[in-house]
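Sequences are here, hints too, so could you generate the full structure?
There are 2 protein chains.
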Amino acid sequence: MSETVMSEERVKFVLDEPDIPTHWVNLMADLPGEAPPPLHPGTKQPAGPEDLTPIFPMGLILQEVSAEPEVEIPEPVREVYKLWRPTPLYRARRLERALDTPAHIYYKYEGGSPPGSHKPNTAVAQVYENAQAGIRKLATETGAGQWGSALAFACRLFGLECEVWMVGSSYDQKPYRRSMMEAWGATVHRSPSDVTESGRAQAEHTTGSLGIAISEAVEVAAQNPDTNYSLGSVLNHVLLHQTVIGQEALAQMAMAGEEPDVVIACVGGGSNFGGLTFPFLRRVLRGQAKTRFLAAEPAACPTLTRGVYAYDFGDTVGLTPLMPMYTLGHDFVPPPVHAGGLRYHGDSPLVCGLVKQGLVEPRAYRQNETFEAAVRFARAEGIIPAPEPAHAIRAVITEADAAREAGEERVILFGLCGHGNFDLSAYDAYLAGKLEDPEFSQADLDTALAHLPEAPALV
Amino acid sequence: MSETVMSEERVKFVLDEPDIPTHWVNLMADLPGEAPPPLHPGTKQPAGPEDLTPIFPMGLILQEVSAEPEVEIPEPVREVYKLWRPTPLYRARRLERALDTPAHIYYKYEGGSPPGSHKPNTAVAQVYENAQAGIRKLATETGAGQWGSALAFACRLFGLECEVWMVGSSYDQKPYRRSMMEAWGATVHRSPSDVTESGRAQAEHTTGSLGIAISEAVEVAAQNPDTNYSLGSVLNHVLLHQTVIGQEALAQMAMAGEEPDVVIACVGGGSNFGGLTFPFLRRVLRGQAKTRFLAAEPAACPTLTRGVYAYDFGDTVGLTPLMPMYTLGHDFVPPPVHAGGLRYHGDSPLVCGLVKQGLVEPRAYRQNETFEAAVRFARAEGIIPAPEPAHAIRAVITEADAAREAGEERVILFGLCGHGNFDLSAYDAYLAGKLEDPEFSQADLDTALAHLPEAPALV
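So the sequences go chain by chain: A and B.
Residue 1 is where the first sequence starts when you use this note's numbering, and the numbers rise one by one after that.
Residue 1 is where the second sequence starts when you use this note's numbering, and the numbers rise one by one after that.
Chain copies aren't distinguished; within one or between two, either way the pair holds.
The list that follows gives simulated cross-link-like pairs (lysine to any residue, SDA-like), each with its CA atoms no further than 25 Å apart: (1) Lys-44 to Val-317; (2) Lys-82 to Arg-410; (3) Lys-356 to Ala-450; (4) Lys-434 to Gly-185; (5) Lys-137 to Leu-52; (6) Lys-434 to Pro-175; (7) Lys-82 to Arg-97; (8) Lys-82 to Gly-59; (9) Lys-434 to Pro-335; (10) Lys-82 to Val-411; (11) Lys-44 to Thr-316; (12) Lys-82 to Ala-98; (13) Lys-434 to Thr-187; (14) Lys-434 to Gly-168; (15) Lys-82 to Ile-20; (16) Lys-137 to Arg-97; (17) Lys-82 to Val-14; (18) Lys-290 to Glu-70; (19) Lys-434 to Arg-190; (20) Lys-12 to Gly-159; (21) Lys-82 to His-23; (22) Lys-290 to Gly-257; (23) Lys-82 to Glu-17; (24) Lys-434 to Glu-182; (25) Lys-12 to Ala-251.
Keep in mind the hints are simulated off the structure, nothing from the lab.
Written out as structure tokens, the structure reads:
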């Protein structure tokens with residue numbers, strides 16, 4: 001019994017059902033200046049809502065371009081949120097003691113949702129808008145399976161069909177994620193599949209890629225009037241939906257009587273990062289708080305730390321609008337780190353703009369140091385983190401060590417966006433000392449950056 | 001959008017940290033008459049506390065035989081409970097609509113704990129008492145891995161070593177459960193192992209069995225003064241620890257303003273069943289409520305529905321005291337249904353006594369009908385249940401159908417004791433129509449019942 005335990009120490013800050021937010025926070029309304037618009041991939045002219053109607057319902061397109069500071073959450077969406085929201089905020093007292101730090105460490109835990117991550121926050125909102133528009137089926141891609149299982153879950157609740165193209169190598173390695181989607185009634189294809197032209201054309205790439213899987217899903221959505229496409233990150237409306245996380249966290253930090261000095265989240269497409277930080281960032285933009293924001297990404301896919309700020313395609317094959325973002329080049333293929341959710345060549349334009357303005361500081365970490373941090377966390381706090389938020393935990397430990405060295409009682413808040421129950425083979429490899437620690441190839445990066453599409457320069 | 005959704009409909013009943021119970025409920029104090037004592041396996045005389053000291057700490061032995069109606073929960077145990085307790089109570093409104101039943105269905109969900117089940121409620125309490133007694137290591141067996149991972153988790157939090165013998169076939173089939181235990185720092189052996197005499201003697205049984213794994217763990221605990229053994233169900237003190245579940249559920253049903261007509265839980269060793277029902281049963285025994293109680297078990301291992309009420313060994317090889325219980329015979333080997341936690345030849349003496357007295361009604365269900373019920377639940381409520389509570393859900397649907405036929409607004413409460421994230425291969429088999437639906441062998445049962453040890457008859 002090495003620990004000092006005091007019963008009056010609060011560990012968990014709990015909200016009740018009526019505390020589920022009634023609105024999403026649209027940070028665009030508070031951002032200074034005019035955001036550079038997405039461009040049509042053919043004409044290179046600003047893309048309008050009509051360019052998106054073949055694959056998205058108008059309800060989501062209006063959210064994508066909304067200038068309102070808040071967007072009301074439809075009541076049926078809030079009703080579904082009750083299945084797992086509000087989510088708990090924890091004070092990581094055991095981790096603090098293990099780190100011997102004066103820092104106060106808090107984490108917002110999104111792993112208690114049925115699919116095990118923050119992804120259903122937007123999946124439910126997207127399925128609802130599609131159902132309202134009379135759409136009968138949603139098509140999507142998934143890598144490791146977090147997004148696909150969230151969409152399968154949401155589609156089942158609203159009675160829509162769900163068809164998922166799962167990257168071939170993940171389909172083979174993570175059969176449980178596929179079974180989860182099927183248990184909720186989705187149809188799952190191994191990508192490249194033989195049911196689309198895109199898939200048949202790429203049949204020789206037997207292990208698949210996210211780019212191919214996106215092409216298959218978009219193709220099916222574009223060809224069928226009753227089918228739409230659904231994306232789990234990157235776009236403004238997806239980040240908008242995730243702001244329920246940060247709004248709850250704001251209320252819970254107030255319950256704890258503390259103001260975060262720094263807010264930390266991992267970033268892949270940006271939806272987890274934006275979801276936690278935007279409500280806090282709005283307060284900074286309005287002069288109501290001074291807060292630092294850290295975005296943690298893999299050193300193997302260092303979009304924010306090593307990419308260039310330029311217009312690029314959102315997908316590998318070049319079907320989507322050009323988006324203003326930090327990019328490693330749309331045909332850059334990151335090494336296969338286990339944080340599959342962070343293996344994206346670009347990032348949300350909103351998050352990239354904040355990095356460009358210096359409001360968000362990016363940090364990159366190697367795979368093994370993130371797993372080392374994740375194991376320390378799991379042994380102190382119990383929850384085994386997914387590999388993606390392990391990057392945030394790595395940044396938290398660095399900040400907590402700095403607080404000890406400075407002798408300061410700093411307040412750290414981070415996002416624990418999912419559990420690692422389906423990632424235990426990666427922990428296995430780490431504990432056996434067999435986990436690869438890949439760096440990206442500078443030559444591959446140089447090649448990919450040379451393939452950036454011609455487009456106006458960003459300032 | 002086929003569903004009617006109303007925002008004022010409560011789905012989740014949430015308690016706060018201070019609402020974690022301060023005491024465990026000891027039902028023994030309220031039971032009429034004298035319970036038949038356990039018997040020493042050699043002398044067949046009543047076994048005393050001293051017979052248990054080689055493998056259990058005195059703190060737990062005193063809880064095992066306590067006559068007090070309530071036992072105070074040590075503050076450090078409550079402190080750890082805060083990591084996942086209080087757990088939510090849900091009103092299953094979507095399932096009610098899917099079943100078109102006037103019944104009100106509630107479920108208490110224990111799957112939000114880090115190991116994913118109710119097991120840490122007792123693991124933490126047991127590890128604490130062992131730590132207080134100066135024990136440095138705990139040895140245990142595990143089948144599918146729920147109990148082993150809960151003990152690994154608890155040992156890590158209190159700084160004890162944990163050594164787990166995992167049934168060989170499960171060790172091969174469920175590598176994620178093994179990885180989970182290792183992530184929390186436990187040592188996991190494939191049983192039969194070569195590190196114990198028991199294991200070496202059984203080396204030819206390569207797939208292992210729970211009986212062999214118990215022998216290995218007990219052998220190590222008995223031989224090492226700083227090592228104890230830990231059991232995840234059956235014994236009085238284990239059920240005692242689990243009564244935090246039912247006490248919270250009582251408070252939450254009061255929040256909902258309803259009184260359950262029937263409380264339903266699955267039963268293997270009895271800890272989940274006792275944990276949920278005992279606080280409700282105490283009210284019935286005290287004349288404060290009229291409630292029915294259903295215990296759901298597998299038809300492939302029908303202890304309560306087909307067993308005999310007699311003294312029998314708790315383990316297969318005959319090392320433990322003789323316990324008064326319903327039993328299929330200590331050498332009965334149930335078919336390998338996926339509800340590994342329910343594959344036990346006996347049951348908690350406390351639960352068996354309640355069945356004998358007619359206070360608890362047992363029900364047995366086939367594997368396929370339980371998975372059919374589990375999939376209906378998952379598609380309505382989101383959470384994918386473990387195969388064990390799928391038995392309770394099967395019973396719930398039968399009761400809900402009966403309520404519809406009777407045109408009565410009955411209130412049903414059941415225990416959802418764990419999620420099925422590690423059981424998705426079984427769902428896979430079910431959805432593919434390939435899940436076996438085994439019955440037990442009557443000839444094997446007759447043989448096992450002929451092997452019951454000589455002991456006084458029970459009345």
